[in-house]
Structure formats: C-alpha cells, structure tokens
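Participant: So the protein lines, in turn, are chains Y and D.
Residue numbering for the first sequence follows this note's numbering, beginning at 19 and increasing consecutively.
Residue numbering for the second sequence follows this note's numbering, beginning at 492 and increasing consecutively.
Honestly, the hints are just simulated from the structure, not real lab data.
Being a predicted model, the structure only gives us computed values, none of them experimental.
Accuracy of the hints is not assured; some may be wrong.
Chain D stretches covered by chain Y per the calculated footprint, using a threshold of three residues with CB under 8 Å from any CB of chain Y [what the hints assert, rightly or not]:
1. 504-512
2. 541-554
3. 563-575
4. 579-591
5. 595-601
6. 635-642
Quick reminder that beta carbons are idealized off the backbone N, C-alpha and C, glycines included.
One-letter residues, chain by chain:
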Amino acid sequence: MNMKLRVWRQSSPDAKGALKEYAATDVSPDMSFLEMLDELNERLMEQGEVAIAFDHDCREGICGSCGVMINGVAHGPMKGTATCQLHMRSFKDGDTIVIEPWRAAAFPVVKDLVVNRGAFDRIIQAGGYVSVATGAAKDANSIPVPKEDSDAAMDAAACIGCGACVAACPNGSASLFTAAKVSHLGLLPQGQPERYRRALKMVAQMDLESFGGCTLFGECMEACPKEISIDFISRMNRDFLVGAATAPMERGGGED
Amino acid sequence: MWLLTLYRSTVGKKAIMAVTGLLLVVFVIGHMAGNLQVFVGAARMNGYAAFLKSTGELLWVVRLGLLAAVLLHILMALQLTRIKAAARPVDYQKRQPQVSTVASRTMRWGGVLLLVFIVFHLLHFTTGTIFPWASAPDALHPEFSHTDVYGNVMSAFHTPWVVLFYVVAMLFLLLHLFHGAWSSVRTLGLTTPSRQPMKRHVATVVALVVWLGFTAVPVAVFFGVIR
Ligand code: FES
Chain Y
19 MNMKLRVWRQ SSPDAKGALK EYAATDVSPD MSFLEMLDEL NERLMEQGEV
69 AIAFDHDCRE GICGSCGVMI NGVAHGPMKG TATCQLHMRS FKDGDTIVIE
119 PWRAAAFPVV KDLVVNRGAF DRIIQAGGYV SVATGAAKDA NSIPVPKEDS
169 DAAMDAAACI GCGACVAACP NGSASLFTAA KVSHLGLLPQ GQPERYRRAL
219 KMVAQMDLES FGGCTLFGEC MEACPKEISI DFISRMNRDF LVGAATAPME
269 RGGGED
Chain D
492 MWLLTLYRST VGKKAIMAVT GLLLVVFVIG HMAGNLQVFV GAARMNGYAA
542 FLKSTGELLW VVRLGLLAAV LLHILMALQL TRIKAAARPV DYQKRQPQVS
592 TVASRTMRWG GVLLLVFIVF HLLHFTTGTI FPWASAPDAL HPEFSHTDVY
642 GNVMSAFHTP WVVLFYVVAM LFLLLHLFHG AWSSVRTLGL TTPSRQPMKR
692 HVATVVALVV WLGFTAVPVA VFFGVIR
C-alpha cells in the first residue's frame with residue numbers, strides 16, 4: 019500500500035511548527051502504525067533528514083507512552099486501543115493520513131509529535147496515592163472487598179495516563195484521567211480515609227494545570243484505549259462536592 | 492466557605508450551572524403546562540394569569556429567583572468558556588468528533604440564542620413593549636392588554652416572523668434540554684454506573700414534552716386551530 023502522510027513537524031518547543039507531507043511507500047497491512055513511522059524515519063535518516071520524533075515504549079498498549087491524533091481522532095480509528103496497537107490494515111491504499119500531537123495548553127509540544135505530559139504527574143502528586151504504609155502484601159481476601167467495587171476499581175485503574183481523553187475533549191479537559199485516578203483508590207478500603215480530600219486536591223491541581231472543564235461531550239470515553247467510562251467523572255464530582263461541603267480546603271494546601 | 496471552594500473550581504462551576512439549570516428545567520415544565528390552558532379557552536387562561544398576578548410578593552420571589560438562576564448560569568458559562576479557550580490555544584488542523592451529540596456541541600451558541608429569545612419574549616408578552624401591529628391594530632391583531640392574556644396570544648401569533656422565531660427558539664430549547672437535563676444530573680454525581688452512560692431516557696422525554704408543549708401554542712394559533 020502507498021499512502022500520503024501529513025505530519026506535524028516542530029523542531030523545538032518554541033519553534034513554529036507546520037504539517038509536512040511525506041510519502042509512505044510499500045506499506046504492509048500487517049505493519050503497526052508505529053512501524054510504518056519507523057520505516058519512514060529510516061528513509062528520512064538515509065536521506066540525511068531529521069527523523070520524526072514520537073513517544074513510544076511498550077508497543078503493546080500498557081505503558082501509555084504513545085499517542086497521536088490520527089486524522090483528527092485520538093489514537094486513530096480503532097476503538098479501545100492505543101496508537102501502538104493500531105495496524106495499517108485499518109487504512110486503505112491511497113489514503114491521506116494527518117498526524118498531529120495532542121493539543122492542550124497543559125501538554126506543550128516538546129518536538130514534532132512528542133508532548134510533555136508532566137501535568138498528569140503533578141495531578142497524581144497532588145493526591146493520587148495512599149499516605150499510610152500498607153506493609154507487605156496481605157493474604158488474599160484478608161480485607162474483604164465487594165466484587166462490584168473491586169471490578170469498578172480495576173476498570174478505573176486500567177488508565178495508562180496516555181492523555182487521549184484530554185486530546186479528544188473539545189474542552190481540553192482532564193476530567194476522565196483525574197476521575198479514574200480519584201476513583202480507583204476511592205473505591206477500595208485502603209483509599210477511604212483520604213477519599214474526599216483526595217478528590218479536592220486532585221481537582222484543584224487539575225484546574226491549576228489549566229485543563230478545561232467537563233461538559234460531558236463523551237469524546238474522552240470513545241478515545242480512551244482502556245474504554246474508561248464517564249461514570250467515573252460523575253463519581254469524582256460527587257466526591258468533590260461532598261469534600262467541598264464537609265472539609266473546606268485552602269487553595270493548593272498540603273496540610274490536612 | 493464551601494461555596495468559595497465551588498466557585499474556584501471547574502467542577503464547582505459546573506455544579507452551579509447544573510443546579511441553576513435544573514431549576515430552570517422545573518420552571519419551563521411548569522410554564523409549558525400553564526400555557527396549554529390556552530387550548531381550554533379564554534376564561535381558563537385569563538383566570539390562571541389573574542391567579543398568578545394575585546400571588547403578589549410570592550410572584551416576585553419566584554421572578555427574582557429565576558433571574559438569579561439565569562444570571563448565575565450565564566456567568567458560569569462565560570467563565571468556563573474562557574477556561575476552555577485557554578485550555579487549547581493551538582487547535583488541531585483536523586479533528587473528527589466521534590460521539591458528541593449536536594445538542595452538546597450547540598450548548599454555548601444555542602444558549603446565547605435562548606437568551607436573546609428570553610429577552611424578546613419578556614418584552615413581547617410580559618411588558619408588551621415589542622408587540623408587532625401595536626401601532627396599527629386591526630381585527631386580527633388587537634392591542635396588547637395586561638389582563639387579556641388569551642387575546643395577546645391570539646393576536647401575537649398571526650405574524651409569520653414571530654411564529655418562526657418562537658418555533659426556532661424552541662428547537663434550540665429542545666437541544667439545550669436534551670443535553671442539559673441529562674448532563675446536569677451527571678455533573679452533580681447523582682447517577683449510578685451504567686453500561687451505556689450516554690443513554691438518557693428521562694432527559695429525552697423531558698426535552699420532547701417541553702418542546703411539543705411550547706411549540707403547539709404558536710403553531711395552533713397561526714393555523715387557526717384556536718382563535
Ligand atoms: S507504546 Fe506503550 S501504550 Fe503504546
């Protein structure tokens with residue numbers, strides 16, 4: 019297969035970027051999307067050009083490193099997969115493929131398709147943990163957890179922090195990510211003592227990072243490679259509102 | 492100071508929008524039900540209007556409450572729109588919405604249109620300031636009257652552009668409620684987990700009933716179903 023690529027090239031954070039056209043030739047339908055880019059990069063380097071920078075690591079959809087906007091869709095046309103799990107058989111011969119980095123004020127472009135997702139780390143630092151030492155692993159079932167709760171906690175914990183929710187959201191909101199991280203702890207016994215404070219702190223940090231607000235477009239859930247439900251956003255909001263009503267917090271405060 | 496905590500956060504601002512929005516949903520349902528009495532007859536309609544006016548202070552409490560709800564709703568919408576604009580300063584060259592509804596994508600501009608409509612509607616039926624034909628009343632269009640609400644309705648909806656404006660505005664109300672009546676409940680966290688979280692049966696019924704009830708009156712008058 020042969021395709022036309024239009025790829026966002028930007029040499030540094032402050033440089034002005036633009037879409038640049040490349041030809042992807044002899045593409046096998048069995049190649050992954052990133053392998054197609056690898057081959058293109060090989061050719062570019064042979065010609066003495068600078069390779070296209072993109073993030074990747076595990077290439078099996080578990081690390082959350084990869085992620086680009088493909089023809090205006092976060093992680094491309096396959097539902098429930100990350101960019102690294104997308105194969106070229108999802109495209110047709112002669113297709114034009116537009117490839118852009120995630121766009122958000124909180125995700126500044128580092129180079130080409132690579133963005134800085136440090137804002138997510140700071141949201142986690144604000145409260146996405148359990149403060150007490152939980153000790154060595156306990157015997158299974160020594161702390162009983164209802165099946166529905168453990169299932170829901172696992173669904174939320176499936177978040178790999180790739181940022182597709184932000185990228186796909188017309189508001190540039192990080193609500194799905196933050197909600198998943200608030201919920202997977204808030205649903206389990208170990209996360210209960212800090213449940214409401216956690217929601218307050220993580221939402222406050224999310225706002226500080228200048229993400230947008232959620233208006234429930236639903237695009238995030240569709241883009242999420244782990245298909246995390248917007249139900250968790252409702253749950254985060256509930257925890258936040260209960261927290262705001264019961265434990266007022268100073269802005270950005272770390273004291274409890 | 493939990494109100495301040497709410498005011499400072501995007502989640503809190505959305506909660507304020509949701510609560511004020513839900514209050515307004517309750518109001519439009521009541522308003523729509525009141526309007527339908529026009530189909531019973533002049534005596535019933537005018538009696539109902541006289542009863543509302545007889546409540547005196549209570550009427551003003553409700554009016555000021557609605558005004559406060561509308562103002563808060565708009566203020567939060569403005570702030571959140573500004574935050575949204577700042578959240579993505581460089582836009583995509585290409586973006587393909589996947590599942591978001593037309594309703595959700597017209598909330599902001601549709602809301603502006605509804606505001607224009609509300610102002611017009613108040614000047615039209617509450618004060619009679621804008622009342623087409625008022626300068627040259629004829630048999631079909633008598634003058635605006637503060638007591639004959641039925642007569643006002645009959646004369647107002649013989650002017651095509653007025654009927655069209657009302658019908659279009661109500662389509663936007665339909666869209667606004669289809670998204671808003673559903674999303675506000677979710678925003679407040681008052682939902683249980685669902686396999687299809689985008690499904691919205693109650694909001695769909697509310698939006699359709701309100702739309703039908705409001706649209707029926709101008710259309711029925713225009714086509715002479717009631718006279
Ligand atoms: S590279 Fe790890 S999720 Fe795609």
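Participant: Just pull the numbers of the violated hints for me, sorted ascending.
Facilitator: Hints 2, 6 not satisfied by this model.
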